[in-house]
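J.: From first to last, the protein sequence lines stand for chains A and B.
Counting from 1, position 99 in the first sequence corresponds to residue 99 in my numbering; the numbering is continuous, with no gaps.
Counting from 1, position 171 in the second sequence corresponds to residue 1171 in my numbering; the numbering is continuous, with no gaps.
Calculated from the structure, these hints are not laboratory results.
Mixed in with the good hints there might be a few duds.
[Unchecked claim] Below, computed lysine to aspartate or glutamate pairings styled on EDC-like, alpha-carbon distance capped at 16 Å:
#1 B:Lys1080 / A:Glu153
#2 B:Lys1022 / A:Glu127
#3 A:Lys22 / B:Glu1225
#4 B:Lys1022 / A:Glu124
#5 B:Lys1175 / B:Glu1127
#6 A:Lys35 / A:Asp346
[To be verified] Residues from chain A that face chain B, not an exhaustive set, calculated with beta carbons under 7 Å:
#7 Ser68
#8 Asp75
#9 Leu121
#10 Gly141
#11 Ile144
#12 Lys150
#13 Ile167
#14 Leu171
#15 Val174
Cβ atoms here follow ideal geometry from the backbone N, Cα and C, with glycine treated the same way.
One-letter residues, chain by chain:
There are 2 protein chains.
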Amino acid sequence: MKQETLEATGSFSRAVAKVRFKEAQIEMAHGAGGKASRRLIEGLFVPLLCGSGAEFLGDAAHLQINGSRIAFTTDSFVVKPLSFPGGSIGELAVNGTVNDLAVSGARPEAIVTTFVLEAGLPTEVLEAEVRAMAGAAQRAGIVIAGGDTKVVEHGKADQMYITTAGIGEPLSGVKIDPRTLRPGDKVLLSGPIGDHGITILLARGELDLAGDLRSDTRSVFPFVEALVQAAGPGIHWMRDPTRGGVATALNELARDSRLGVAIHEESVPVHDTVRGACELLGLDPLHIANEGQFLAVVSEEQAEAGLDALRRVPGGEEACVIGEIREQPAGAVLSVTSYGASRIIDMLVGDPLPRIC
Amino acid sequence: MKQETLEATGSFSRAVAKVRFKEAQIEMAHGAGGKASRRLIEGLFVPLLCGSGAEFLGDAAHLQINGSRIAFTTDSFVVKPLSFPGGSIGELAVNGTVNDLAVSGARPEAIVTTFVLEAGLPTEVLEAEVRAMAGAAQRAGIVIAGGDTKVVEHGKADQMYITTAGIGEPLSGVKIDPRTLRPGDKVLLSGPIGDHGITILLARGELDLAGDLRSDTRSVFPFVEALVQAAGPGIHWMRDPTRGGVATALNELARDSRLGVAIHEESVPVHDTVRGACELLGLDPLHIANEGQFLAVVSEEQAEAGLDALRRVPGGEEACVIGEIREQPAGAVLSVTSYGASRIIDMLVGDPLPRIC
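The following block holds chain A by itself, in its conformation from the complex:
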């Protein structure tokens, strides 16, 4: 492979690679997926590794290997607790990497996985997670092609950390590039937001709130595939809004496209439990992590066909248009309401819900 054949997809922008990371030490917020994460990535990882075309901002790199294009990505998982309503770390570890491949415009094909295990971990806990991974892989239609295990002393690693890396086959006819955005493009969302983050919070018992909430962890590839079939060349951008939530994903898009993103907040589906928890905590559902939702920007002409396609995917019945691309405010996300009020929605700042994936 020659280096010039490496093409980073998604929101990575070489223009920002000269920023210098000035903080003296690493804090929890640097892993939260918001502004601090971005400073670390753009100020340290990208400048030092960028000669090699690093793609550290959430999607997959697309490379040319052995004459074929291939999508390649990785993620680590440190969620606490290990299991929660609707899923567990094993499912997250499979679906998270599958989804990074999917939203880069690739069909997920295979993953490899490593476990860092804490000495003293009950075998049944490990076995449950390995089974969860096998099930998630089967549902996502991928193979688990290999792995590695390390063990660290009791007291380290919170039972287990899992890392997965995945490869996939780029879909033909899909070109994901924020620079192709045009004013008038529509922002599509697959369903209710914030379920995953608030489920984790409730599973920790940190909030005295009952609610029938489950993590949304799943493969979003069915959404990608349906949208590509229905609106192929009309697709300008895709993302699974995980850490940092929908607000952070759209802020990155606004910044990279140098256009504005207007969100009709009333049209964003949010379950009552999520809304209630956010009100109690002073959080915005738009900042809460999802592990099975899908965001896309599609040309105005193709948006209706795309939306219909998403709604026909099982689990996509609540898909909706939540906003559109505008000339202004360039580089920012604006929330507008039906009675005319508006506010700027920033990226996630700090880490209100640490270790949710």
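With chain A fixed as given, assemble chain B onto it according to the hints.
T.: Below, chain B alone, put in the same frame as chain A:
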């Protein structure tokens, strides 16, 4: 990709996939690369993930993606301390994955990486490791194509754990398969063994022994490439003997080939410091980890050409033939001396030197 196109390389044997892991909890030895690791892999990971053709025993899986064959592997790194004479966790993380690709018979092309960071980690420590990775990647001729960062609370993760996954292009004309071994084949080794493991031990200050020893961490792909050019179809097996050392690698080979491996222990190069440390600790240098040595089994006819090729690689000047394949003792490794004595050399049992990679 269809599942039947997935082909596991190296020593993985489906025949063992029915063993059941019976231990109640995970111990340090399960991460040491010896017998306990093998029980965990064969008794838990393989049976649960094996429908997907898992390759958990050290090399890379070779898959068919988008019409091309691709090698794919992953490893986590939890070494203590983070840096040591001759290298650091960042270099290990690059070279370890590069070497798994190389000994599977592939040209390493690209890696992705994740960091699990401990809150409070000084930025300069992280920066040093990212620079080490960039340098190792450049020396190995690969690109770092992307990554992910998670942060865990202070007290977890021993400053940092690094995981890498790599992809590579299978070399044509190389077929690595223990079943192709024949009595008379020669066992080639690239140089002195045990330097890495003992360097880590000394760096921890756990042993009152001075010595000018350095980790051997490096890419072994130059050895692979030279051997393939010199002895292509004569190559029957390759391995980088990391955790568990040369003895464990050769025991796996003996088991998988159902042939015997005879080692002339006097011909195995070992630095004095390594030998001294092993004598003090009651360890066998054959069980000590290496991070830049290369083992191969080559047909009798091609062995001399292969050895000459290895010796011409910079850093391979001490390459030598350390033994040969025999009919007996089938499935075991035998050490023989010039004065006629012999002993069976087992795989590593337990974990005498935890967290050396």
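J.: Please go over all the hints and tell whether each is borne out by the structure.
T.: Going through the hints against the structure:
Between lysine 1080 of chain B and glutamate 153 of chain A the CA atoms are separated by roughly 11 Å; this keeps the pair inside 16 Å, and the hint holds. At most 16 Å may separate the alpha-carbon atoms for a hinted pair to count; lysine 1022 of chain B and glutamate 127 of chain A meet this at roughly 11 Å. At roughly 42 Å between alpha-carbon atoms, lysine 22 of chain A and glutamate 1225 of chain B are farther apart than 16 Å, so this suggested pair is violated. A distance of roughly 10 Å separates the Cα atoms of lysine 1022 of chain B and glutamate 124 of chain A; the hinted pair therefore holds under the 16 Å criterion.
Of the supplied pair hints, the one linking lysine 1175 of chain B and glutamate 1127 of chain B is violated, its CA atoms being roughly 40 Å apart against a limit of 16 Å. In summary, the hint linking lysine 35 of chain A to aspartate 346 of chain A is supported, as the alpha carbons are separated by about 9 Å, within the 16 Å threshold. Hint on serine 68 of chain A holds. Least Cβ distance to chain B is approximately 4 Å, under the 7 Å limit. The interface hint given for aspartate 75 of chain A is met, as the beta carbon of that residue sits about 5 Å from the closest beta carbon of chain B, less than 7 Å.
Against a cut-off of 7 Å between C-beta atoms, the interface hint on leucine 121 of chain A holds, since the closest Cβ of chain B lies about 4 Å away. Nearest Cβ of chain B to the Cβ of glycine 141 of chain A: about 10 Å, over the 7 Å cut. The hint is violated. The interface hint given for isoleucine 144 of chain A holds, since its Cβ lies 5 Å from the closest Cβ of chain B, which is under the 7 Å cut-off. Of the supplied interface hints, the one on lysine 150 of chain A holds, with its beta-carbon coming within about 5 Å of a beta-carbon of chain B, less than 7 Å.
Interface hint at isoleucine 167 of chain A: satisfied, since its Cβ lies 6 Å from the closest Cβ of chain B, which is below the 7 Å cut-off. Interface hint status for leucine 171 of chain A: violated, as the beta-carbon distance to the closest one in chain B is roughly 11 Å, over 7 Å. Interface restraint check for valine 174 of chain A: the shortest CB-CB distance to chain B comes to about 14 Å, outside 7 Å, so the restraint is violated.
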